[in-house]
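**Student:** Residue numbers (numbering that gives the first Met the number 0), protein chains in the order written: chain A, 0 to 301; chain B, 0 to 245.
It is worth saying that the hints were derived from the structure and are not from the lab. Just so you know, not all the hints are guaranteed correct.
[What the hints assert, rightly or not] Stretch-level coverage of chain B by chain A, calculated; a stretch enters the list once three of its residues show a Cβ under 8 Å from a Cβ in chain A:
#1 71-85
#2 129-140
[Claimed, not checked] Calculated Cβ distances over 12 Å to all of chain B for the following chain A residues:
#3 GLN50
#4 LEU68
#5 GLU95
#6 ALA96
#7 LEU99
#8 SER105
#9 GLN116
#10 PHE152
#11 SER219
The model shown is predicted, which means the values in this text are computed figures rather than measured ones. Glycine residues also receive a C-beta, built at the ideal position from the N, C-alpha and C atoms.
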Amino acid sequence: MPSIISVQNLRKTYGKTVAVDDISFEVTKGEIFGILGPNGAGKTTTVECLQALRHPDSGDIRVLGLNPLRDAQELRRRIGSQLQESALPDRIKAWEALDLFASVASKALDWHVLLEQWGLADKRKSSFASLSGGQKQRLFIALSLVNNPEVVFLDEMTTGLDPAARRVAWDLIRSVRDRGTTVLLVTHFMDEAENLCDRVAIVDKGKIVASDSPQGLVASHATAVRVIFSTDKTDLAWLKKVAGVKRISHRGKQVEVAGTGPLLALVAAALVEHGIVPSDLRVEQPSLEDVFLKVTGHSAAE
Amino acid sequence: MSTLFKLTWVEIKLFIREPITVVFTLALPIIFLFVMGGVFGNTPSPDIYRGVGPMDYYMPSYYGLIMMAIGTVALPVHLAGYRERGILRRFRASSFSVWSVLGSQLLVSFVIAIAGSILVTIMGKVAYSPHWPVNPGLLVVAFVMGTVCFTCFGFFLGAVLPSTRSAQGVGMLLFFIMMILGGAGPPMEVMSSAMQVIGNITPLHWVIYTLQNPWLGFDWYTSASLITVGITVVSALLAARFFRWD
């Protein structure tokens, strides 16, 4: 597949602060590529360099074969952009904003459809200032799509959306991808990256520390399954003899058994054998969160 | 092109929805018209108002006042606010050019200046029957020069003032100094020499002279018009030099 975005050794500093240390990645046509990392990892700076909104100190960037430093205006016409920090005039109405932003493209989408899809149809005549945080956010996503872009950059797109609206947003972005638009998604939400992205790059302190499909990342970095249950008994040393068990930890009454293989069945059998029948026995499969902890050494919230 | 006109249309609607700028650009000159007209009427007196009727004097002055309100109160606050809040950034990311952003403001300035001037003319004509402009062709030239001048002045202030608050403060201060001393307030002839000196260095003073002469039937005021052009060019260059998207 051809590369739509190619980034080589991108570096950007603000004074003595290194925002992006050394980042390289490729995004192929028609995929949802996620940049996942904690706040301050350099995600936003990276995508702003790609959109010709910031000048990198060094490195080579190609988006749609264009160099953002030289072909900024053509590039901006062909991409869609939802920025983390931006606004519209307070008194502009939702439909006026969409109509205005559609005017930059020769083959813009019908903004009536976008208003409908993003749940803003009844807010079309409302002023920007009167919209709720989630409605503003959805309007910004709709604005990023209205010029029918070849690549769309979404920076923390579900910030401020309620859980139901997030699910809807994910479905809509998938359908945008299915129509052939490449999506570059910046997020600090593990579940968003895991659910939505075809490939994910985990960024920490200005560098990519791991990159693969969410499943691939989990398979290669986090293989441990966790079985969790509660019991009053404290002497559980015998559990270590169960095949596949690596580690047992206690948190009050709650016990967590980590290991590999068909852990749940084996641990359950051993518990029953020792007369322990917990009602809350459950298994947790490894997730992107575990990968993140492992490759960065801290959680995304830190 | 289509973005320029769409943006201009949106900006006109936004202007109308913003009460403060409407008050300063459209309502205040009319209030002035009636205050000054009520006090001075339109009977000429040889010692003041360049020897012409006060309302003949003020009609073109109020055109200048409207242009000046655009350049000191409306535009700087608008542009500084756009930058401060990330609206310019949002525009830029969607490939809006600096020409459509500033070009739309220039067109809006013309729309407001023309609308405001028509309003002032109708009100003034009905209340105090000043004479019609003696040289309408040159008045149009002067009108275009004045509007472009104060639009560029507004671009300059909007480019260098970092925030909405600073733009409001500086813009208001300049508005009142120019309004009182620049030729739209009391007649020059009754002001102290210090006030006259300050009045003479305000852009409004020269824009008003450029407008007044064709209206009153005096010769085209070449030096005033050249100073107006000079202010326009310097403001435009400084605006281009200091314009920032974010």
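**Student:** If a hint holds in the structure, say so; if it doesn't, say that too.
**Tutor:** Hint by hint, here is what the structure shows:
Under the rule that three or more residues need a Cβ within less than 8 Å of chain A, the assignment of the segment 71-85 of chain B holds, with 3 such residues. Check result for the segment 129-140 of chain B against chain A: violated, 0 residues qualifying (beta carbon to beta carbon below 8 Å, three or more required). Once the 12 Å rule is applied to beta carbons, A/GLN50 is inconsistent with being away from chain B; the minimum gap is 6 Å. The beta carbon of A/LEU68 sits about 15 Å from the closest Cβ of chain B, which is more than 12 Å, so the claim that it is off the interface holds.
With a least CB separation of 5 Å from chain B, A/GLU95 falls inside the 12 Å interface cut-off, contrary to its annotation. For A/ALA96, the requirement that its beta carbon stay farther than 12 Å from each beta carbon of chain B is not met, with the minimum near 8 Å. Distance check for A/LEU99 against chain B: the nearest CB is about 5 Å away, which does not clear 12 Å, and the non-interface claim fails. Distance check on A/SER105: its Cβ comes as close as 9 Å (rounded) to a Cβ of chain B, failing to clear the 12 Å threshold; non-interface status is violated.
Look at A/GLN116: its CB is around 19 Å from the nearest CB on chain B, clear of 12 Å, so calling it non-interface holds up. Remark: the non-interface label on A/PHE152 conflicts with the geometry, its nearest Cβ contact in chain B lying 9 Å away (cut-off 12 Å). For A/SER219, the condition that its CB be more than 12 Å from all CB atoms of chain B holds, with the nearest at approximately 36 Å.
In summary, the numbered hints that this structure violates are 2, 3, 5, 6, 7, 8 and 10.
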